[in-house]
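Visitor: As a plain string of letters, each chain reads:
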Amino acid sequence: MTKKRKQAAIGILFALPTLLGLIIFKIYPILASGFYSLTEYHITLPPQWIGVKNYKNLFSDPLFIKSFSNTLYYLIWLVPLGLIVGICLALLLVKDIKGIGFFRSMVYLPSIVPIYAFATVALWFFNPYFGLVNGLLARVGVEGPLWIADEKWVKFTLVLVAQWGAGPTALLFMAGMKDVPKELYEAATLDGANAWQKFWKITFPFISPITLYYLITSAIGALQFFDLPNIMTGGGPNNASLSVGMYIYRHAFRYTNMGYACAMSWIIFIISLILTIVLLRTSMKWVFYGE
Amino acid sequence: MKKKSILLVILLCFVTLILAQEPVKIIFWHNMSNPVDRKSIEEIVQIFNQKNPNIEVEAILVPATGTDATRLMTAIAGGTGPDAYYLDRFTVAQRAYYNQLEPLDKYLEENGIDVELLKSKYVDFAINECIWDNTLYALPWDTDARVLFYNKKLFREAGLDPEKPPVTIEELDEYAEKLTKKAGNRYLQIGFVPWVGEGWPYTWGWTFGREFYDYENQKLIFAEDENIKESFEWQKMYADKYGIKEMEAFFSAFGMSFTGSSVGSAAPIDPFLNGQLAMKVDGNWLLAQIEQGLAPAGFEYGMAPIPYPEEVGKSTTWAGGWSIVIPKGAKHPKEAAKFIYYMATEGQIKYAEDAAHLPTWKEAIPVFVEAYPKQRLFADLLSTAKNRPPLPVGALLWDELVDARNYVLYGEKDVETALLDAQNKVQQELNKMLIR
Amino acid sequence: MKSKRKSHILSKTISLMLLIIVTVIYMLPFFWMVSTSFKADYELYEYPAPLLPDKLIFENYKLAVTYFPFWKYFRNTLIITLGSVIGVLFSCPLAAYSFAQLEWKGKNLVFYLLIATMMLPNFVTLIPVFVIFSKLNLVNTFWPLILPSFLGQPFFIFLLRQFFLSLPTSLFDAARIDGASELQIYTKIALPLTKPALIVVALFQFLGSWNDYLGPLIYLTNENKYPLSLGLPQFLSQYGTHWNWMMAAATITVIPVLIFFIFTQKQLVEGIKFTGSKG
Chain A
1 MTKKRKQAAI
11 GILFALPTLL
21 GLIIFKIYPI
31 LASGFYSLTE
41 YHITLPPQWI
51 GVKNYKNLFS
61 DPLFIKSFSN
71 TLYYLIWLVP
81 LGLIVGICLA
91 LLLVKDIKGI
101 GFFRSMVYLP
111 SIVPIYAFAT
121 VALWFFNPYF
131 GLVNGLLARV
141 GVEGPLWIAD
151 EKWVKFTLVL
161 VAQWGAGPTA
171 LLFMAGMKDV
181 PKELYEAATL
191 DGANAWQKFW
201 KITFPFISPI
211 TLYYLITSAI
221 GALQFFDLPN
231 IMTGGGPNNA
241 SLSVGMYIYR
251 HAFRYTNMGY
261 ACAMSWIIFI
271 ISLILTIVLL
281 RTSMKWVFYG
291 E
Chain B
1 MKKKSILLVI
11 LLCFVTLILA
21 QEPVKIIFWH
31 NMSNPVDRKS
41 IEEIVQIFNQ
51 KNPNIEVEAI
61 LVPATGTDAT
71 RLMTAIAGGT
81 GPDAYYLDRF
91 TVAQRAYYNQ
101 LEPLDKYLEE
111 NGIDVELLKS
121 KYVDFAINEC
131 IWDNTLYALP
141 WDTDARVLFY
151 NKKLFREAGL
161 DPEKPPVTIE
171 ELDEYAEKLT
181 KKAGNRYLQI
191 GFVPWVGEGW
201 PYTWGWTFGR
211 EFYDYENQKL
221 IFAEDENIKE
231 SFEWQKMYAD
241 KYGIKEMEAF
251 FSAFGMSFTG
261 SSVGSAAPID
271 PFLNGQLAMK
281 VDGNWLLAQI
291 EQGLAPAGFE
301 YGMAPIPYPE
311 EVGKSTTWAG
321 GWSIVIPKGA
331 KHPKEAAKFI
341 YYMATEGQIK
351 YAEDAAHLPT
361 WKEAIPVFVE
371 AYPKQRLFAD
381 LLSTAKNRPP
391 LPVGALLWDE
401 LVDARNYVLY
411 GEKDVETALL
421 DAQNKVQQEL
431 NKMLIR
Chain C
1 MKSKRKSHIL
11 SKTISLMLLI
21 IVTVIYMLPF
31 FWMVSTSFKA
41 DYELYEYPAP
51 LLPDKLIFEN
61 YKLAVTYFPF
71 WKYFRNTLII
81 TLGSVIGVLF
91 SCPLAAYSFA
101 QLEWKGKNLV
111 FYLLIATMML
121 PNFVTLIPVF
131 VIFSKLNLVN
141 TFWPLILPSF
151 LGQPFFIFLL
161 RQFFLSLPTS
171 LFDAARIDGA
181 SELQIYTKIA
191 LPLTKPALIV
201 VALFQFLGSW
211 NDYLGPLIYL
221 TNENKYPLSL
231 GLPQFLSQYG
241 THWNWMMAAA
251 TITVIPVLIF
261 FIFTQKQLVE
271 GIKFTGSKG
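If you read the sequences in order, they're chains A, B and C.
Following my numbering, the numbering of the first sequence begins with 1 at its first residue and continues without gaps.
Following my numbering, the numbering of the second sequence begins with 1 at its first residue and continues without gaps.
Following my numbering, the numbering of the third sequence begins with 1 at its first residue and continues without gaps.
One or more hints might be untrue.
What the hints assert, rightly or not - Covered, in the sense of this in silico footprint (three residues per stretch, anywhere, with C-beta under 8 Å from a C-beta of chain C), are these stretches of chain B: (1) 70-83; (2) 389-398.
As the list claims (entries may be wrong) - With a straight-line cut-off of 30 Å between C-alpha atoms, the simulated BS3-like cross-links for lysine-lysine are: (3) Lys266(C) to Lys198(A); (4) Lys135(C) to Lys334(B); (5) Lys219(B) to Lys53(A); (6) Lys362(B) to Lys314(B); (7) Lys432(B) to Lys53(A); (8) Lys331(B) to Lys195(C); (9) Lys66(A) to Lys236(B); (10) Lys188(C) to Lys4(A); (11) Lys188(C) to Lys25(B); (12) Lys195(C) to Lys6(A).
Since the hints were made in silico from the structure, they are not lab data.
In this text, all values refer to a predicted model and were calculated from it rather than measured experimentally.
Just so you know, even glycine gets a beta-carbon here, dropped at the ideal spot from N, CA and C.
Can you build the whole structure from these sequences, using the hints too?
Guide: Written out as structure tokens, the structure is:
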């Protein structure tokens, strides 16, 4: 066997467990759900073929449209904000000062705490009358909005609350930042560069592979946003915070309307796919993999 | 030679005897995780097992919240479902329609039980919910009822007689105003909010005196009904008078999914218990909670039937509750039916006594009232309580009614349009199903 | 020189202040959780909610661990979590290395497919996968919760691939010329260089398995097999939830993860060789 072929064989061998998993646990169920999306399926009755009717109905379903636009909002805000918060936290926590380990652990905590605890603190924090946020705003003379109680603010509030979970993201970015050779920073300082320039010209290229990973995975996560709105607002007020993920769950298990739920899932799937391809394609321009 | 063969025969007989006596194993899934409830269930199961040596029931706790049937659905799909299941009565029709349940009456009859006689021994509304397409799919378990709870201390502070709760809607509105305190733009205390707690569209629709569904013609009629429309207008009046946004803000402090329609997890903090909300329509479980000590020290409260419009003349409430069913594909439906029969009859009496849950088995009611005299009000209401129409679109109907109410409260749609839209949507689904 | 010193101290002070503010904000949920766990029943419904309990009711902890078979559930959580962590550490780096440093036909297609599978909301794949496991007779065992880890997890493979891509190919080529087999290169060179990334993966999987609710809910039908994540919801009840007991149970549940994190966080942040350039 030639070296190349040998390498190829080993390559496939190494990837074999994943390939198996891919086919059994991912591809088959995805195709199955695709099939179900073209049927009227209620789990315990045999599926009935109805073609693209589910998809047609979706476009005239006011709740789907609302949840879809809500989800787009989540996508547009969660991803960039999460990136900024994650990187800022990482910059803050990457320093090697004494006891930094303690601070890092504290920032990571909310991601470990059960969501009920988390949700209650968030609600108290953003309480329009007694919460910390409006209290602080009042000190600077600003009348805070009604946050989670207001149709116009609820989504934004949820996006803010989600930032409490930025710990893992910060961790990843810290890992990338630690990698940057100190000499580069020293050289830059000698050249008279300021912090902003140092970040963009030196730090950023080194954390670009992580950034790509983050952009793709957080976009997928935002499109499926479920846990937080489900427990904090139940989709309200007046469905202003209803996400597609929640609506899918409702049809799948509350109405056992599996076919419809699968159709919605496939729409999310296709969008995620397009987004990822775009991100991966354009990544060549700004991701730096070494040397 | 002879000795050996005799031994063999004896051994064979022994083995056959043992095999023949192998008890049939019944798996029962429930989600009563409260320790008191749980203990009671387990004791009932034990008693049943002792009385029926050829059946062995195992009760398994499913830690799901509310009517979440994810585990059941996946289990039925995979053929690994239980033999008996604890199901929200309100969803029986839906599950029956989708072929997720075995017909219970058939198996009860196999056990020699007179089903018609049995039905008559349950409170009307409860047994009604268990029937779909003239087949009995479940036996009622416990139930609940809604009344008006009010804070006696706040009554006194507002100059109202704490022993005289409001009787009519008109009085309710008056009291609510007196019990509301505002500081600038924000509420320090609110008297009453119709849609909080158990003030669902069903509650007020029935209170104002009418029906949502015409059983004979199989048609939803709530959108054309003047009284039901009035109940929505009345709720809107509160929204306009007190400001929907300010009220939402007030309630968001308590982690209440204010206008969300999902019957989600329990609200962390209750504004009524906190003394911030003076009156609230809620279920008898609140009473149980207060009695348990999960309320501020020295909490003074009262209960009264839900106030009604003067011309209606009497109070109405509705009841929900649980039931026990046999999921599709159960391995031992006949034995499961026997167990369910025991649970829902004698078992219920014990449960009502142990766990302070309102029973649906008529025989159990006096036992319950004797053990829990404070719950007498609820027990009395049972004979006239209403139930949600057992339709396969039950969950959809509920969600649509709540959404319609929300559209009205937020001024997005007027009452007529909101109700009509909801009715049309659900009727459409229902018609599809009735044809089948 | 003096002004440089001053601005240096100023920036350090600002950083420290920011650090403290951020930490306080992030600590709040945990703080509330622990505070509630020590509260008495009646304190749960006081308004405004007291920040600290009147007295520390340690009994809540005792009640919490007897509400359900706590230590049995704990053991089950450990089994599921450790099993999954071992699983991902086995399958994911292997696949990631293969995608990053080995050449084979269809490699990119498979990788894209892998990423694509992350994109479907999991509710709809729940049932087909469940049916597979039930046909294999694996329902009510821990296998459906552990096996998938041994067969690759797209999130981790993607992450590790990014790390492996940054390793210099020259390093591997040199080793190949020296006659090392791929397996040797993988275990002796590639893995050690990405040790911190592996710890991140282990941590993330640990956390995911530790708190996983839906998986155990549908696959485990025997109470003896329930993990802690199925224990916590048992505190919720329409007839009055004991939030204090629940938070006590939650606090105990959080401790092991916290310990794992504290011990590994230094390791992680130190020198993950992301871009191959020696520091």
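Visitor: Now tell me if each hint is right for this structure.
Guide: Here is how each hint holds up against the structure:
no., hint, result
1, 70-83, "holds (count 10)"
2, 389-398, "violated (count 0)"
3, Lys266(C) to Lys198(A), "25 Å, holds"
4, Lys135(C) to Lys334(B), "25 Å, holds"
5, Lys219(B) to Lys53(A), "25 Å, holds"
6, Lys362(B) to Lys314(B), "23 Å, holds"
7, Lys432(B) to Lys53(A), "14 Å, holds"
8, Lys331(B) to Lys195(C), "51 Å, violated"
9, Lys66(A) to Lys236(B), "23 Å, holds"
10, Lys188(C) to Lys4(A), "21 Å, holds"
11, Lys188(C) to Lys25(B), "54 Å, violated"
12, Lys195(C) to Lys6(A), "27 Å, holds"
Of the hints listed earlier, those the structure fails to meet are numbers 2, 8 and 11, in rising order.
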